[in-house]
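Quick note, the sequences are listed as chains A and B, same order.
Using the working numbering, the first residue of the first sequence is number 20, and each one after it goes up by one.
Using the working numbering, the first residue of the second sequence is number -16, and each one after it goes up by one.
Rather than coming from a laboratory, the hints here were simulated on the basis of the structure.
Remember, it's a predicted structure, so these values are computed and weren't measured experimentally.
C-beta: ideal position from N, C-alpha, C; glycine also.
Be a bit skeptical, because a hint or two may be false.
When the alpha-carbon atoms are kept at most 25 Å apart in a straight line, the in silico SDA-like pairs for lysine to any residue are as follows [stated by the list, open to error]: (1) B:Lys68 / A:Phe210; (2) B:Lys324 / A:Gln184; (3) B:Lys69 / A:Glu109; (4) A:Lys93 / B:Lys10.
Sample of chain A residues with no beta-carbon within 10 Å of chain B, all distances over it, derived [said to hold, decoys possible]: (5) Glu319; (6) Lys323; (7) Leu415; (8) Val457; (9) Gly486; (10) Ser494; (11) Lys496.
Facing chain A, according to a computed beta carbon distance under 8 Å, are these residues of chain B, among others [claimed, not checked]: (12) Leu9; (13) Gly12; (14) Asn194; (15) Ile284; (16) Lys299.
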Amino acid sequence: MIHNRLKGVVILFLLLFGVFNTANAIKFESYNITCNIDQSNKVHETVFLDIYNNNSEDVKNITYIIPQNVYNLKVDSNRGIESFSKNQKEGSTEIVIKLKNPIKKGEKGYLKISFDSDIVWDKGYKKLLSVSVPAVDSNFSMTVVLPLGAAVVSPAEGLLSITPQNYVIDTDGKHIYVKWKKKLNASEGYFTATVSYTILTSTYQNQTTTISNDKYYNILIVILILLAIGSIYGIIYEKRKNISKTKYIEELSLKKEELNNKLNDLKNKVNILESEINIKDENIRKLREKNKELNNEINELTSKINKLEMEINDKDNTIKKLKDMNDELLNKVKYYKSEITSLNSKINELNELYNKEMEKIDELNKYTKSVITEKEETIVKLKSTINEYEQIISNLKNTINEYEKTKGEILMNILTEEEKMIIKLIREYKEITQKEIVELTGLTKPKVSRIVSDLEGRGIIKKIKIGRINKLTLSDKLNGWLK
Amino acid sequence: MTTKNHNILFLSFLIMFLFFGCVNALKIGEEKPSLVNNIIITNENWADYIAATEYAYKLNGIILQTEGNKLNPNVENIIRSINPKKIIIVGGPLVVSKNIENKLKKYGKVIRIWGPTRVETDEKILKLLNSNNTKVLVNGYNFSEVVGIASNEYIPVYTAVNVYNPNDVIRVYENNTVKIYDIHNKRFIGEYNKSEVLEIPHKIIVLNKPNIDVKYCYNKDIQAYGYPMININSDNYNYILMKKNDVSLLLLSKYLNISINSINITNQYSKNSMFQFDSNAVNNSITVAVDILVIKKTLEIYRQNGNLGQSLNEAKTQLWSKNIPVDKYNIPYDYLKNYIKKI
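Looking at chain B on its own, in the form it has when it is part of the complex (with noise of 0.2 Å):
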């Protein structure tokens, strides 16, 4: 572009920007007023919810989970009382279902980030993040690895890591492909890119890694490869006791500001304690929701009141009568007079 259309331009801002100030119209309200902006809608696996989390949290939204082929009642009333302004839905339509889509667009605007598998997924929800915390490889469908990398304030990058006995297999190795056949079950297992492919003693490995600038690792197989492996404080492994039902927490855990290991060192509070999940991921991250809904409108009463109690009971009463379920808030106190503080 030229210095002369770069000027064009700049003259156009300024006339639009004089006239920004002046008021022939004038607007009293929000067009659209929501509880929460941004709702991001993942199935009940935990894969897309922990690849979402980051990205949620940026966006200062919320994650709501349902079954994959319905939209869950008590997910949609929730929706419907937020009445957010964009419902973002990670996953193909074999995850949340072309049916949830078309029911979800009467709530707000809704887009889809997927891809062909939850690498591919992962891929596009940490290029729209742009995020410059460390990210590490792990085999995204290892539940432990991941929740481990997620659960220590760094960033998963999924990849795809499958390992094959080099006397099971036959390679063909071609111009930049190479093709494994397995021998015993005489079929075609697939045709890999050269550098995706890579024969070590007693062990071939293929490893499908986005295309995202990553330093380390959190698997040894990757490691094969020349990533350094990432260091994890060896005594905070209580983030195992995680369970794939209530990866909701790692959310809750970003907004409240603490880590979910260090919630089990003080051992001021048992994870049990903080929260009454139950064996259903839906319901675990509707709780989650209303906890961030009931945080949020605490800090915004207490900003003008000072008062934390009193703040916290208005904005639980303001949020039931709006029809959000705050009967399931189960943050203890200390907690959310630790996280007003830090704010």
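Only chain A is shown next, with the shape it has when bound in the complex (with noise of 0.2 Å):
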């Protein structure tokens, strides 16, 4: 019960302790995106990844994972690109990336991942862009920059011209820049941006080849080749007075040379005096900080005295208090001294009476050793007693085994011979008629019932009737007897 409960109590700080520590372990301290979209609908996105590896093994593999297909992939890295490769597979392309030089812990690196992808759809007067990528915890950043002449329309009626909300729209005078800004967090599981936009570009073409053909435009351009023939007059005019303005230029650069050199004389001898004075101001503030460290000796020391003086008189308390302690206990040790002489003097007394007593004790004990002396030495007579009653037990029994192994021939030593004779043939058949007798011995019918009537008056056989007929057997007594 308790080592259960205590698996749990490790399991739930584990729990904790792998929370902690996941979350901790690598951090995006950027997330940057850019998606350009190009006249042939083609986006050219880039990623840009800021990692810090807090509290984790080296990073040397990055699996980044987007929901579309791509194409022409280009990887780069701080910290070197191994090897790089992409899978794609239901819908989305996994980039793999190994980096030669992992992120160890407490390093940082980043990963710029640049692909195109066809993630805009075109509805012909219409095109819609959608864009997902994987979420996770950093300050995030992302951009799409529209193709020339783009603007930014609703797709159809109850749906938005940009998603999510929170967007900035700015513009370079040639491209409108969609961003968004915001913390990312890894549950929200994919950032996903939609933007709605037109290209207006064909109608300004159109516009101007119509112009091209007006008369106010050929007026427009000799007016601008007037200008320009002006221009190039005016240029060179002023380069004339430039090359005078050269010269003069030239001399002053000279004599500002020769001021330079005296001024960089003077800085020299300034600065050969400056580190003069450093070096004294540098002396000074070494033996103040000797005077210093001398001035804090001498305190210390005075304070250690002070200290020492104080334990002085401490010591000097305590002695004095050690010899009043002192001749307390010596009057004590005098008050104990009598007290032993006294109780040594009743010990001697208890030790006489402790004496006699043993002496009793003595005595005592021999009694005690020549009773259990005698009651042994009984003991012993019993014992010898009892075997030879055992040997007598024994020699009876041999005599009743001799008895009962003899009793058979006794009992056929005081049988007559006819007798005999009718004992063979009961024992021969087991059970045997009077009449089947007669017939068997040849003795008359009255003298085999007298005899067999004494045999059976002094129980050596017996009569059993089977049916109406009267068989003689041989008593159970004699059974085994007779060989």
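Assembly of the complex is requested from the two constituent chains, each provided in isolation within its own frame, with the hints serving as guidance.
Okay, structure coming up:
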């Protein structure tokens, strides 16, 4: 029970530890994505990840999964790239990158992944970009750069031009930029942005073509040519003026060089003097420091002396106290000595009493020993008597056995020959009638009858009734004796 | 398993766990990003859709119906856009063909839950569902019974109930079985376990009941077996307005956390104003699937920005950009507002 509870506590602790450890193992300091859409609806995406290994093993392999098919994949990192590959399956692309130098514990590294994809949904006049990227805990930014001549429009009724909200629209005069900047959470799974736009460039080109045919446009060209000629003349005039000014500037620059040389000499001297002053300042500073150190030492020593003096006073007091205690102890020793003397005399008395008691105990011991010896002797005698009786019993048993063995013979010896003959017949046939005995022995019927009743009377044979016929058999007592 | 083995397992778990905190291969992004992880596919029939409703809700998934012999192209488009992790076909190959199953394999892992009849199919779903909600035995072939229970927030347990007139059939009782023959048509009806056949005055009821622990029923013939009738609020019989083609309403009502009956009780909205359903079950299942996708996405965005109107439009735009036909979305704004409020 306790063992299981302990296991539970360990698991809970490890869960907390695991969550904490995993959450802090890798940090994405920044996560920036740029989607540049060109005129042919191709999107050039660049993913920039700033990774900090906070508390983890070396990060060597990085897998970035993007839910779209990509091509023209390029990967770059300040840790060097050993290899990279892409695996497209079920509508997503798994980009596997192996760094040359792993991002070790406490180190940073960036990763730049760029690729092209066809994620613009072209509905003729209107186009829709839908881009999804995996979310990680980071300071995230995404910029979508629309193609030249693009304008943001609503894709359909009830739908929004740009999602998600909190975007900023900017332009450099040529392109429209849609930007998102937010704290991204890994729990969001994916960040999805959509932008609906249309291309207006073709209309603009048509307008210029119509203007080029206009006569005012030709006049404008002539005026521009005249202005260009005037500008060229102005440039030549200004160039001539510049040559004379250049000569004067050269003279001035020579003088400036001389003054600069002098200034440099003075600066050098000032530097030397400054360095000397610095050395002296340094010496003064060192002496001051030394002085300070010595003062500190003196202060320390004074305080130590004060402490020692106080300690001496304390010790004097302690010695005084110890002396008083010593006197008291001496008095106590005297008192205890007298006590010991009186106690010693009492002990002597008690010793005498003890010796007397011991003598009595010795006498008792002697008496007890003699009694035990007597009893032991009686036991030995009794044992020998028992042995004798046992011997007699065994002799009697032998005699009985011998009697049992010879009982049959004795019995046969006391029988008459006719009786023996009849018993032998009974023993041989087990069960036999009187009539059969008469027939087998040739004895007369009355004789057989007399012998049988005689043997029956002596308990040697018995009659048993089988149906209506009486048969003779050996009595149970003799069964086994007669062989 | 011995204590020693337990300890070895525990130690291995600890070691794995300690390694779990350390990262040496960094992975950014999900292997298969899906709008919904689980999609259930049934045919156009109401029975399997209702049987799968509670299970779909438990899996946080959607149900799409299709014609039984070919995959509806609109359904295929929506599955492609959702990119699900798992597709569960409910019903046997006679109901949703093998051809459809093979086609679906392109879009995710496909499994099929089915039995020889709707009773066995329902039994398998209920065992997977493993819900503690009140279960009620119904005649699985009676639409009004099934939908009556399902729309009252109970779980219908399909049975097959057949009632015969004792004068029309011959019963041959054997050791544990009963054989029933039709006298007039001179045909063998079937052989049943004795426990499945009940003879009461003027009736012989044969009940094929799944092996599910159920306390109540919603059918008088099943009641004869000793199951008490469930008490359904007699005021709320509006569910009977529901047709066999718009049973997908049941799944949506689960997601919106409203009972179908309560929609009508309030008289605030009529059922028709809520759903512009047509007579095609497949189209209606797509509409409900789109509704569920939109409300789920709206909730996800609303949790970040707190603006419901903006979240709804953003959700629709983002789903539209993934080729989801959001023009089918038809939930009145007030319903959405109440749904968000409840969550």
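Hint by hint, where does the structure go against what was stated? Just the numbers, ascending.
14
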